[in-house]
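Colleague: Chain by chain, the residues:
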Amino acid sequence: MKQNTVMERLERILLTVEKPGRYVGGELNQVLKDWNLVKTRVALAFPDIYDIGVPNLGLTILYHILNERPDVLAERVYLPWVDMEAAMRQHGIPLYALESKTPVRYFDILGITLPYETLYTNVLNLLDLAEIPLHSKNRTIRDPLVIAGGHAVYNPEPIAPFFDAFVIGEGEEIIHEIVNTYQTWKQNPSSRLDLLSELAKIEGIYVPSFYEPEYNQDGTIRSIRRLHPNAPPQITKRLVAQLPKPPTRFIVPSISVVHNRVSVEIMRGCTRGCRFCHAGMVTRPVRERGVDEIVSAVREALDATGFEEVALLSLSSSDYTHILDLVSRVAAETSDYYLTISLPSLRIESFSVNLMEKLRGSRQGGFTLAPEAATERMRNIINKPISTQQLLDTAKEIYSRGWTTIKLYFMIGHPSETIEDVQAIADVCKAVLAEGRKAIGKRATLHAGVSTFVPKPHTPFQWVACDTLEQIETKQSLLKRELRGPGFKLTWNNPHETLMEAWLSRGDRRLAGVIETAWRLGAKFDAWQDQFQFALWQQAFAIHSLDPAFYTHRQRTEDETFPWDHIFSGVRKAYLLSEYHASLVEKTQNDCRQGCFACGILPKYADLRRNNPGSHWKCPEVPRRPVKVPLKQPA
Amino acid sequence: MLRFRIQYNKDTPLQYIGNLDLHKVWERYLRRARIPVAYTQGFHPQPKIQQAAPLPLGFLSQNDLIDVWIEADQWTEHDFTTHLQATQQPGLQILSVSAVPLHSPSLPTLIQSSLYRVILLDAVNLTELQHRLSELLERSSIIRTRRNKTYDLRPLIENIQLIPLQEGCAAFQMQLSAREGATGRPEEILSELGIDPYAARYIRTGFIMKE
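Chains as they are written, first to last, in my numbering: chain A, 56 to 690; chain B, 12 to 222.
With the rest of the complex left out, here is chain A (with noise of 0.2 angstroms):
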């Protein structure tokens, strides 16, 4: 079916969906390319909705990368909600990119973003609904080349199978490597196992089906074996070594969608070392971008947009080098509209209600801070040392200076967390509201976001068990019975959302037949709490014969061999064990800023900073002497 097929049948059914502009594209800023005048054509695909996929900044920056080049085109790619899904499947209309309408499949290749694990039914939807073949082994040389990056594919093993190939890393430079190689196979296309071994050459790419994990009678990996010559013992991830130059050409949504703004990355990467948090792992090194080129990018992208927001990202604003010259300067550069600012991740400190308080029209939204956990021991365990004091000292200019709400977020769940602990977050709340009321009266109020933390692989946690539903049904029933009246609102996730992200995050390869199952049995949108159906999940478990239990209940031992053991983030094995043991003793660690903690990063692109040098690379510089560091992940 052609692009003019797919329009004719759209026009009798988009009137009959709900937003229907979802499904239009013609947005401003879309690039639409002459389909015979380039070689390569990529579609660039989220696995959700347009409102969620949309304001995505993996997939923004990809789309102006490819679409930079004369010889690519790069298109849109969202699922349809379940009411259009259902009218597309009756009017036999397949997953189309939104730019030409053209069908998914006659793409050459399908790039998929996985920024997080409960996307993965909606992957085997949207190759469904693409009629492309869900299994890499059943593809020809006339479907397109299926690949993912992101976040989640860290640990790719539990959707091994769907993949062609995956992109361990960061995307700018290795997407270009991907489509030379692709154009050079295309020339001469004769089977996809060429394609295949040529790719599995480029550094940070992953080609799942020439490795194949070997199982110990208790179910744990025994080993990793390698199929295929051009298969590395281990995929090290990739990384740029100076942040290339900002989208600023937003696609500008005609609808409303979950983010509607220009949003510029001041910093990837993050130094405090937290032990939860995944991203802090993997995005290292901190890598900072000027001042001047943030604040022409913010000004280019209003130009080219018109949007009334921008956020300046990154997993720590308050530790960008320039923090409060770049907010006054931003300030002082959109200040003859009115705009709001957004400054995610600010530290726990008067200094951030200032910077705050430069960004006008902030007062308008809460303030957030995330002390994640309430005991001092807690903390320390976590690796995020803020004093209860200090929290309060804050809350209390926070209110004074005239915000009326106040976002705190928590995690329940941490390693050896008991009851107490949990009892501490009610605590901590109450006195922020108290002080408060002393500012301001009844007007204050208090959000507690309270999460459930999943251990996460690639983290100094990896080893700890997710706690049984029992464990975050008593935590959160605390929380529920001592957070309520006036001033007081709580959110927290479903329990068993947070078991299967769980299993989906620390999976192996066999959990790939139960995403299968689940997914034929009817889950998709996993992600939304009114679509999410655990019984399938529970189904599906059954039917392969496995235990949930075994993937999100189980203390790791040492010595273990993970299912992502072979990906390789560039902090080494060795280092996430040391970062445990300490938090067992409850020592934390300070900012990496200050002194190398020798996670690996260093050695591992050694060449890659001397060839790149300059002072946008935030490691601390490390005297010349002998490295202790091996420079490979023992296994």
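Simulated from the structure, these hints should not be mistaken for lab results.
Note that beta-carbon positions come from the ideal geometry of N, C-alpha and C, so glycine has one too.
Incorrect hints may have been included.
Chain A regions said to be covered by chain B (calculated; three or more residues, Cβ under 8 angstroms) [unchecked claim]:
(1) 77–84
(2) 359–365
(3) 448–455
Start from chain A and add chain B according to the hints.
Modeller: Leaving out everything else, chain B in the frame of chain A:
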């Protein structure tokens, strides 16, 4: 402060966005064009722009109107047009810009009737449809229920003509009341005629204004 009236067409694919979304599209378009739009007073200042008449989801529009107030005293129609033309908005085509007196009546109160062209997507039996239409227009009242409210559609119909198109297709030319609280909807007429309202393309082609 000055007030300008923009006459424009709303083209594809903007028929698939609702009225609130269209308002946002205009706000961003004016901001990109660096037009110094005035804001309302208060805790949540909003840009001062006003559409003539809400357009249902799924409708294209020609000769539509929107008023914009700006914080300037010297701007001419030419200045305004030049700014608008320096940037663009897919789906919005500017036809003309005219200055209007600051305190003249608001746009919605000026609209008396709306003109529509409704193109049927499927072939029809023209004679039979013409017959049904004549019957409809002869009735003194057409009681219908919309959103759980009963109303009489007949007095809202000012004029309807059936126009034959190529290959057995047809279109309606309609003039329907568009006064406050008395707005005729073309898809209601299609339903009353026994035509699937989704199997049609709707274009509001213009307004009849009060003197």
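Colleague: Checking each numbered hint in turn, tell me which of them this model violates, lowest number first.
Modeller: Hint 3 contradicted; others consistent.
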